[in-house]
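Undergrad: These protein sequence lines map, in sequence, to chains A and B. The first sequence begins at 1 in the working numbering and counts up one residue at a time. The second sequence begins at 1001 in the working numbering and counts up one residue at a time.
Take the hints with a grain of salt, since some may be wrong.
[Unchecked claim] Below, simulated DSS-like cross-link-like pairs (lysine-lysine); rule was C-alpha separation at most 25 Å, straight line:
#, chain 1, residue 1, chain 2, residue 2
1, A, 125, B, 1209
2, B, 1082, B, 1244
3, B, 1244, A, 95
4, B, 1244, A, 119
5, A, 125, B, 1031
6, B, 1244, B, 1209
The hints are simulated quantities; they were obtained by calculation from the structure and are not laboratory data.
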Amino acid sequence: MKKLIIIIVLLIIITILVFGVASRYSLKLGNLNIVLNKDKDILAEKIIDFLEDIEFKDFKKAATYHTPEDQKHVNIPKLIEEKFFVKPEFLDITKYEVKEIEIDRSGKRAKVKTRTIFKVLNTGKIKDLEIIFYFQKNDDGKWYMQLKSSL
Amino acid sequence: MNFKILKNTFDLRQMSILSERYLDIILGDLKNTLILFLQAPIIATLIVLAWKNSDADKTLYFVICLTAVWFGCINSCREIVKEKSVYQREVMVNLNITSYVFSKILVLGVLSFIQCLILMIIVDQYIGLSGNKLLLFVSLFMCSLAGTALGLLLSSLVGNEDKAVALVPLLVIPQILFSEILIPTDLHQGITLWMEKMMIVKWGYEGMKQITCSTPDYVIIFQDLSLLLIFTIIFQIISIIAMKLSR
């Protein structure tokens, strides 16, 4: 029975690590960081951070994912209204997840498909939206969100 | 409380020894075990190929539930009948049938667990599943466990291994026929409605639908998972009764 118990415990730990802790692109556990796809992992992190900024209405930080040039004339609240069809003050994002990340052959363009679930506060309606964000890798090697085609 | 009655019904020590022995048999037959394990990545790859150009939709969740039930049924359908002569002999020297059946589901459950893990990792990596992954996995594994119990029930009722394998489609095809994927639930009436409710895949699929929706109702998810557990227990009890009657 000892052998079986060890196998069961190991399997439970693996399952929790794989489905509870790891993302599709990396496994982060304290100081341990196993990255399966560096670019995709960076993009997934960026999008999650970005959606979290919108969730907490931190528009100043939400603008920082764009290129320094775009940041000068970015108006996140207006863009949210265009994308979510809701005024930012009525937007209550409850859940979001990265569905798919695709990088083109050059490795310099990417699209990130996300699923966002939010509540429209004035009507109480719950909406489930799939939004694609587009990214470009600049010469500095960093990924920037494309303003026009994304938000 | 009369502990002797309880001991006659279930013997933990026997189950422990029988599980260990069964695990050794499975690990000893490496070729067959590898074939069983290889099913998972092969089917997962085929699913990934089929959904290559589309997103995870409700049909995908149905297909993975069905695959899990299939894994369970096919893994277990021969496991009692192939040892019929052995356990009938051991019953004469005090083998506890309940412990015997539980040892089977315990080891086969571990096998199904690994298969479901492989299946879900591949499908999630290449297609991307929505919702809480851990809960999705629990639903998938519960489907497989109920499938394992159903396979063991079949194994306890038939006379030989060939009959058991030949009868597996009879357990799996109704899971597709009486599903809302084929015919919408509103069109199921009377006996077909009952048949639909008797299908393991239905409850695993319902649970997965709930996990992946915008506002998951955890009470419904718990109910669906509980039903799968009840199915597993009922199939186990019937297997034990069938084996006791055939002694």
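Undergrad: Enumerate the violated hints, using their earlier numbering and listing them in ascending order.
TA: Checked against the structure, the hints that fail are numbers 3, 4, 5 and 6, while the rest are satisfied.
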